[in-house]
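**Q** Here is what each chain is made of, one letter per residue.
Number of protein chains: 4
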Amino acid sequence: MAGNTYGKRFQLTTFGESHGEAIGGVIDGCPAGISLDMDLIQFELDRRKPGQSKIVTQRKEADEVRFLSGIFEGKTTGTSIGFIIENTNSKSKDYDHIKDIYRPSHADYVYDQKYGHRDYRGGGRSSARETACRVVAGAIAKQVLKELKVTAYVSSVGDLTVTKLYHELDFSEIEKNPVRCADPVIAIAMEDLIKTVKKDGDSIGGVITCVIQGVPVGLGEPVFDRLDAELAKAMIGINAVKGIEFGRGFAATRMRGSEHNDEILVGGTTKTNNAGGIVGGISNGMDIYFNVAFKPTATLMKDQMSINKNNEEVIVQGKGRHDACVLPRAVPIVEAMASIVMLDMYLEQYGKQGIDK
Amino acid sequence: MAGNTYGKRFQLTTFGESHGEAIGGVIDGCPAGISLDMDLIQFELDRRKPGQSKIVTQRKEADEVRFLSGIFEGKTTGTSIGFIIENTNSKSKDYDHIKDIYRPSHADYVYDQKYGHRDYRGGGRSSARETACRVVAGAIAKQVLKELKVTAYVSSVGDLTVTKLYHELDFSEIEKNPVRCADPVIAIAMEDLIKTVKKDGDSIGGVITCVIQGVPVGLGEPVFDRLDAELAKAMIGINAVKGIEFGRGFAATRMRGSEHNDEILVGGTTKTNNAGGIVGGISNGMDIYFNVAFKPTATLMKDQMSINKNNEEVIVQGKGRHDACVLPRAVPIVEAMASIVMLDMYLEQYGKQGIDK
Amino acid sequence: MAGNTYGKRFQLTTFGESHGEAIGGVIDGCPAGISLDMDLIQFELDRRKPGQSKIVTQRKEADEVRFLSGIFEGKTTGTSIGFIIENTNSKSKDYDHIKDIYRPSHADYVYDQKYGHRDYRGGGRSSARETACRVVAGAIAKQVLKELKVTAYVSSVGDLTVTKLYHELDFSEIEKNPVRCADPVIAIAMEDLIKTVKKDGDSIGGVITCVIQGVPVGLGEPVFDRLDAELAKAMIGINAVKGIEFGRGFAATRMRGSEHNDEILVGGTTKTNNAGGIVGGISNGMDIYFNVAFKPTATLMKDQMSINKNNEEVIVQGKGRHDACVLPRAVPIVEAMASIVMLDMYLEQYGKQGIDK
Amino acid sequence: MAGNTYGKRFQLTTFGESHGEAIGGVIDGCPAGISLDMDLIQFELDRRKPGQSKIVTQRKEADEVRFLSGIFEGKTTGTSIGFIIENTNSKSKDYDHIKDIYRPSHADYVYDQKYGHRDYRGGGRSSARETACRVVAGAIAKQVLKELKVTAYVSSVGDLTVTKLYHELDFSEIEKNPVRCADPVIAIAMEDLIKTVKKDGDSIGGVITCVIQGVPVGLGEPVFDRLDAELAKAMIGINAVKGIEFGRGFAATRMRGSEHNDEILVGGTTKTNNAGGIVGGISNGMDIYFNVAFKPTATLMKDQMSINKNNEEVIVQGKGRHDACVLPRAVPIVEAMASIVMLDMYLEQYGKQGIDK
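Chains as they are written, first to last, in this note's numbering: chain W, 1 to 357; chain R, 1 to 357; chain G, 1 to 357; chain H, 1 to 357.
Treat the hints with caution; some may be incorrect.
What the hints assert, rightly or not - Example chain R residues on the side facing chain G (calculated, C-beta under 8 angstroms, incomplete):
hint, residue
1, Ala-2
2, Phe-15
3, Gly-16
4, Asp-28
5, Lys-75
6, Thr-79
7, Ile-81
8, Ile-84
9, His-117
10, Asp-119
Note that these hints are calculated values from the structure, not bench results.
All of these numbers come straight from a predicted model, not from anything done at the bench.
Yeah, the Cβ is synthetic: ideal placement off N, Cα and C, and Gly gets one too.
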């Protein structure tokens, strides 16, 4: 109800502030009897972790997850899975200079107005640090729904765009470059761009493309809880995301129906896949693909004008650590949320008994 | 749970098929003591109604709503509001030719696969006819939250695009042209384009822009139930919608932070509004604006290839009635869902006691 | 959220006032492909109907349900089922004398205080007339979960109590007497008692026992959504209910563990069934049984002291129609809610695919 | 959805097994700006703690709560409150003898059947150890809703019953005796009875009465989410509870309406309070009171017959630590759940802005 829970059947509830003692969460509704590979969970966390490469923020966090319940003898028990990730490198003092200041395009001002009591340390609850919890849950969801393959990659940074469609790319390239771009040539240019932007103390936006393969026909509920509507909610709910488009997306608005319609072939597949694998809010068995738009990070290493708590004009100093481009670290978050949505919808359609153990 | 309910505090549950006896719904959580103007509700329904102009489908439906409960002596009682809209012009026979056929880019195939039992008459539950119920609930939400002004308009049809920003437009123009475009000059070109497309038996997509004014600071819950995440779910949940972007949206992905950040001014407003009125998932008091992408309608008056129930290749004949462009009729639906989301979030923040009666 | 919806997977949302145009509801989450026997639904409604015998209220209502959606060619489609029951005998004038008066032990006063705007006609939303909608949904739930047998009967009226346990009784006797008591001898005494109470213009309470047979092991979720907790919520949510006890119930509070524990036998059944078929909130495969306590009806044909809207002392006149004992009509309501709860829990454990069609 | 969350507005999600690393939870929806007295929270935990007196189990647990988020500078921030309680004295080895055995009237058998993978250590998730988390949330709810006074006490153990009504008792006596009985004379007899039962290796049930004072008129939603229905769900959801009755409860079933009805007095109070403060599911401003029936604890220090995993007859040895009577430790749990329900309902009626800070 108050916004810290995602999902109806596979439910993740998270807690924790950027600079509190720990972040963590509870996963409810996970089917019993699933063998969990803890290394895979840590692998996903490491992909999101700060300090993993030179183009991301240099804050150091171990990001080690400690499971407290719901797993016994290596398998899920069907009861709620509690977990925490301690904050080991939370330098609250770094934030003393913004204690009474509202940073532009951060949530400082709206939190203070909404709650009247703000945890100013590193953004508190509004910090993207919380997304580590989503990565944990997503890594579990991935292991529950083994038949699905969820892959995200950076498809644009600023004006640099991968023009090849997803099926023309080699997904094994993604983890080979620090940008997590599926096109190794453009990846190099992107890395250079991010370094330049970082040197400028500035930030830059971009697009992540997500592809879900191996989806059965029939996932998604009609009317309000459509598969694409749920994916949209999950993606727009990621920090810095400002847009989403499915299949041909905004380009489809310029097409005619005779051009956009996907002819159905014998066997139920479609000749084209302009719909992006979802028709009437329900998966049609084709690959699902969508683009997620990230705005440039709000934290800059440049001075900016703003106001303080007393409604006085102030200069917000550009100092501390920042991500010049969040996209490389956001790739596992997009995959995590997509996995959670797919599992949630799968459970609605097939039930816990429908899970292959 | 099964997808026919939207909202947590102001809840709409709908039922009904395109060619069943009636469609309808239940609105729960509406504050008590609100005087309802029934003409305003019918006005919104009439804007969505088929047959309202030459550029929309010529199916004739009275679309008269009958309220069965929750309103007494002209005011809401605080209990659930039940309503129905009878289907008066549901020619089921029109659909005999598609009884065993799956129309391309319609939900026929996925419904049959999902449920194993399909109401083939006019799309059944997947028909956009259901959206009339959302318009009813939206028209009530609008009357509850009087201080907000929700305005939607067609901002592009195919390649024809309104280039002026929303604050440069005169919203009183919207209802003066059948396209519901806020720019009267482009509206004429759009109308011509739709007529041409219709003559071709084809269809065309476009974009609706929605603007919400008078929003207090602090609406939206952090993390998952962000205001933009909820608006995204509500919009992607409208038939034929394939994308959404807030504020600068996809354009923001090509911007630098120093360009995109909205400097905060004394008083709490921002110098620019690239964020589109939502920061960290919470309203910041500036105008909210977003674009919604509609694909071209799937129904064509052209023959198309597809398959039937027996998995045999068939020709789907182009006949019957259709909307060459759904956008003019979708404008009130976008406004309705936006109003419902805003009221739902308002109730979370201020409670029922916070409603001005 | 606002209280007019029951269930998470099989969801019933109801609307309607005692003396409005109609009552009705929406059932969401019903599995597709279930053949529905409409006569069975009407049969259950007739058991709840006023005027069915001399010992119940003489208000005449046809109580005919009209289904508007979700059923096609005699089978459920998996989409939401909308239905209405018109109010044909709502004599609002009967209530003019209580327009400004709060009847003792009715909801008049609390509704007025809560909502500030009260539908005074026959109790409005607080009337037990709303339970007809629950009976409709329950009659559908019964048909979905064919392997379960849900049976309720009157086990006490005032001081007259059936002392035999449920398994010593012949359930085929229940429908043979107007009281719906499973013991035909005590039924006669009960009928006499109700007639005497009615003649006095008074009312009387009693107990309904409910038995659920054929339950698989494993229904119910641990911790909060226990099977017994959900049944308790559903039963206490019925008008006039003031208590519930499972298995040995309050008598168990006076027992020792060595006496109360149910020894487990080879095969998993238990030697005794003091638990009433639910252990740790989860069904153990034994018969579920529980008692539901009904207070005497608040409406009397006697004058009573109370206050009016202006906070002045008034006499509430005893006139109109009333049930001297609601229990005979409440039997199908108890069965309906029990069936809804069981199906809801069944769907959590086995999913829609687990339903036998 | 999967049962580990209680509440809609003030939500508690718990995790943790009796003998896992830790138990804990997340509280969502707590209003911001509430000063929390940590000692009061620990005080409530200490009331539930094992080893607190000679008549309860001698397992030693520090039961110290560690808050990880949602509280900053001593006040709630409005974001989710995460907390854990480490299990410091979980002797898993104590349970090796029941690893493959199903203890009578415990949840061992149903968990194994339901999940196919059971955490056998001390009951795992079905252990009442989980209720410590409810006590934490309840202690916070109590501090949010300061105007309410929630008091529970033991009103019967076995055949020993407090016959005085709650308003004839001195609540300051409750904490003065280890039984937590409000009548000091009967408390002594109860203590003796529990000691005797314990010496026998047996257990005994009883009743806890809960009284809620200072309740405003209007809490509770009509139809399904009635205040009494929610309290019933919350109470039956406590381990070992088998029944609940509000106001006169089961005794009301033997009364006539003319005797049971509560005459309304000038000012809106009632002459009698047979209803127990709830009419039509909504609080009427009078004291709320209800009785909760606890069965005798299932764990005995006597040998019992049962079966093992291989469906073979076995003897379950009576050894280890146990509570001969859980009621003294259950008093704070009843208060906690009552407080949570009341706050949840209060937030529905008045919103977060209605909370006095």
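**Q** Identify every previously stated hint that the structure contradicts and give their numbers, smallest first.
**A** Violated hints: none at all, because every hint is consistent with the structure.
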